[in-house]
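Enquirer: Turn these sequences into a full structure, and let the hints steer you where they fit.
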Amino acid sequence: MSLLQQLEQGVAELDLDLPNSAEIKLLAYLDLIVKWNRVYNLTAIRDRQKMLYQHILDCLAVLPHLGTPSSLLDVGSGAGLPGIPLAIASPETQVSLLESNHKRTTFLTQTKIELGFDNVNIVCGRAEDFNPAKGYDVVISRAFSDLTEFVRLAIRHCAPDGRLVAMKGLFPDEEIKNLPMGVNVEKSIPIQVPGFDAERHLIFIKAAL
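Count along the sequence shown from 1, add 62, and you get the number used in the numbering used here.
Since the hints were made in silico from the structure, they are not lab data.
Heads up, a few of these hints could be off.
Lysine to aspartate or glutamate pairs mimicking EDC-like chemistry, simulated, CA-CA at most 16 angstroms apart [to be verified]:
| # | residue 1 | residue 2 |
| --- | --- | --- |
| 1 | K239 | D199 |
| 2 | K268 | D223 |
| 3 | K249 | E237 |
| 4 | K196 | D223 |
| 5 | K268 | E248 |
| 6 | K249 | D235 |
| 7 | K112 | D93 |
| 8 | K268 | D199 |
| 9 | K268 | E211 |
| 10 | K97 | E176 |
As the structure is a computational prediction, the values presented were derived from the model and not from experiment.
Expert: Right, here's the structure in full:
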């Protein structure tokens, strides 16, 4: 089975209705990761097939749970995960990729140019220094190992009715217990990623009213 067929099968298992040519664009993005990874060390995963499941489909599995946000901020975007797959899958969402590493933002900029994104904005900087004109409907990250740190740095970037979405592996019981005052866990959702035999969870966090 070709990589495209595996992607199409994974998309079908996730019951996603992607825009025309989205799968082709996702594979072109994967090719860019492979190409730039040799020099920029974007990911520890070197196998293209594993990247498909553990990066691309892992990010797409989030999509059904986000609703239809008009704006999304990917904090600590790294190689553009999950922001770029979400931008490809949801061209109506304006996606900002926040990354402090200059080499990675160079990769993100080149990716934006080569894939012709109209809905992607790239910001080189840290979450604590970023000052957008307005908040985002969704502020998401798969880069933070600790929920408290994610909340501390990113909650201020949410719109009044926005929420933080943390992509986690095992359910983070202790991290949730240690969350600071002023925020509530709205919901937690276990995620099944096709071809990826690992526990995955989404944790939705909102500022307390």
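Enquirer: Would you mind marking each hint as holding or not holding in the structure?
Expert: Taking the hints in turn, this is what the structure says about them:
no.	hint	result
1	K239 with D199	violated (25 angstroms)
2	K268 with D223	holds (8 angstroms)
3	K249 with E237	holds (14 angstroms)
4	K196 with D223	holds (12 angstroms)
5	K268 with E248	holds (6 angstroms)
6	K249 with D235	holds (13 angstroms)
7	K112 with D93	holds (13 angstroms)
8	K268 with D199	holds (11 angstroms)
9	K268 with E211	holds (15 angstroms)
10	K97 with E176	holds (13 angstroms)
The structure is inconsistent with hint 1 alone, although it conforms to all the rest.
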